[in-house]
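Number of protein chains: 2
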Amino acid sequence: MRILYHLPLSPFSRKVRLALAEKRIPFDLRVERVWERREEFLAVNPACTVPVLQEANGLSIVDSYAICEYLDEAYPDGPLLGRTLAERAEVRRLVAWFDGKFNAEVTRNLLYEKQMKRLLGRGNPDAAAIRAGYANLKPHLDYIGWLAETRAWLAGHALSLADLAAAAHLSALDYLGEIDWSQSDAAKDWYARIKSRPGFRSLLGDRVSGLTPPDHYADLDF
Amino acid sequence: MRILYHLPLSPFSRKVRLALAEKRIPFDLRVERVWERREEFLAVNPACTVPVLQEANGLSIVDSYAICEYLDEAYPDGPLLGRTLAERAEVRRLVAWFDGKFNAEVTRNLLYEKQMKRLLGRGNPDAAAIRAGYANLKPHLDYIGWLAETRAWLAGHALSLADLAAAAHLSALDYLGEIDWSQSDAAKDWYARIKSRPGFRSLLGDRVSGLTPPDHYADLDF
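Chains A and B supply the protein sequences, listed in that same order. Residue numbering for the first sequence follows numbering that gives the first Met the number 0, beginning at 0 and increasing consecutively. Residue numbering for the second sequence follows numbering that gives the first Met the number 0, beginning at 0 and increasing consecutively.
These are calculated hints, taken from the structure and not from any lab test. The structure displayed is predicted, hence computed values, not measured ones. There could be a bad hint or two in this list.
Same chains, same label: a pair holds when it works inside one copy or across any pair of copies.
Mimicking EDC-like on lysine to aspartate or glutamate, the simulated pairs with C-alpha atoms at most 20 angstroms apart in a straight line are [stated by the list, open to error]: (1) LYS100 x GLU35; (2) LYS113 x GLU39; (3) LYS116 x GLU104; (4) LYS22 x ASP76; (5) LYS187 x ASP220; (6) LYS22 x ASP184; (7) LYS137 x GLU21; (8) LYS22 x ASP71; (9) LYS137 x GLU148; (10) LYS113 x ASP27.
Sequences and hints are given; from them, build the entire structure.
This is the structure we're talking about:
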């Protein structure tokens, strides 16, 4: 069976789970505690990061960028990267925006500094980083709202990996109660739409021991 | 004419320059001082980063990941991402390794902390970051050397974007005199091979005002 090695709050793992579900590709989930540096896992991925996708034929695909590109090549039904060169450039620009810029400016500051450091016993959160994370979140929500208001989906007329990447980061932060949805009605409306997509139910059902999400987290009419 | 907006020491710009040259696609270079936040450039790339590739037909492709994937789709001759699904997964794993892990652990600490902060007047370099950069460089050179010894090129039997990504980071750091090539003979041998590829001459000819590279920088027999 196909196995996705993941961590429940990893936005990069969440993006791949959503992509697999959109393509209706069945898979089993396996939690990989990367901080334990398991030897068999290191042999497959020396960077020791999740997600890693292991196909039933033994092929392992490492890194969410490699996995998502692989999925659209190996399973072209329901393309997630767009059809024309221009569409594909726009989808990938936005994937880089969310996995690069949003991740560095928001996710890392709020998810890593505020939660993971404590869980992993890596010292106290950096208050300046957390302040920066909150300050950066508002313009990012505005940008998502602006894209959602001017297009059917974030990258254009069709749902794409750009929506899944954005939703992956936001859903991980929403689990931690970090998103104030009243800041952008347009972003909230878009998130309500993507929340009802296949694959989201599995994400919303995950629980991390010691961390309870806010009441609205799994609610489709939040 | 095709224009690549770039910065001379940006490893991500260098990777795209090498990819364009490998495919023998002609282009003009234009330096984009991203810190000036030029309005016309922001309209194309709100993230205000280089590289951005502008095609003669007006299509702009933003972000080095989007550009490199685009180049292999729009100009399939001389594929840089591999042919089979397994080859492509390995190339992309290594591109993510160099542009993600190597960049965070080495390039950012030595290029940004040591040089860019000063040039941009953003305060003093963080000594701990610079120490970490040097400490991380050695195992990374060892990994490059190990790959180069066990395969013809870093990702397998053919030269690929993995080689170009690695060479882009190393060449930017080599300009600053940060690479001690005596640390890994195998990495040095691989770098000597890639240095003689098309496109490297243009990189090695670049000069950044106020920064003189070491004598061996442009030497093919360093």
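Hint check results:
In the homo-oligomer, the alpha carbons of LYS100 and GLU35 lie at most 20 angstroms apart only across protomers (19 angstroms), although the nearest pairing inside one protomer, at 28 angstroms, exceeds that limit. Within a single copy, LYS113 and GLU39 get their C-alpha atoms no closer than 30 angstroms, and across copies no closer than 37 angstroms, so neither meets the 20 angstroms cut-off. Taking the shortest alpha-carbon separations for LYS116 and GLU104, both the intra-copy value of 17 angstroms and the inter-copy value of 18 angstroms come in at or below 20 angstroms. For the homomeric pair LYS22 and ASP76, the shortest alpha-carbon distance inside one copy (7 angstroms) is at most 20 angstroms, but the shortest distance between copies (30 angstroms) is not.
Proximity of LYS187 to ASP220 under the C-alpha cut-off of 20 angstroms is restricted to the intra-copy arrangement: shortest distance 10 angstroms within a copy versus 58 angstroms between copies. Within a single copy, LYS22 and ASP184 get their C-alpha atoms no closer than 29 angstroms, and across copies no closer than 46 angstroms, so neither meets the 20 angstroms cut-off. Taking the shortest alpha-carbon separations for LYS137 and GLU21, neither the intra-copy value of 28 angstroms nor the inter-copy value of 42 angstroms comes in at or below 20 angstroms. When the C-alpha separation of LYS22 and ASP71 is checked against a cutoff of 20 angstroms, the pair qualifies only within one copy, where the shortest distance is 9 angstroms, while the shortest distance between copies is 24 angstroms.
For a Cα distance limit of 20 angstroms, the shortest separation of LYS137 from GLU148 inside one copy, 16 angstroms, qualifies, whereas the shortest one across copies, 48 angstroms, does not. In this assembly of identical chains, LYS113 and ASP27 lie within 20 angstroms of each other by CA distance neither inside one copy nor across copies; the values are 29 angstroms within and 45 angstroms between.
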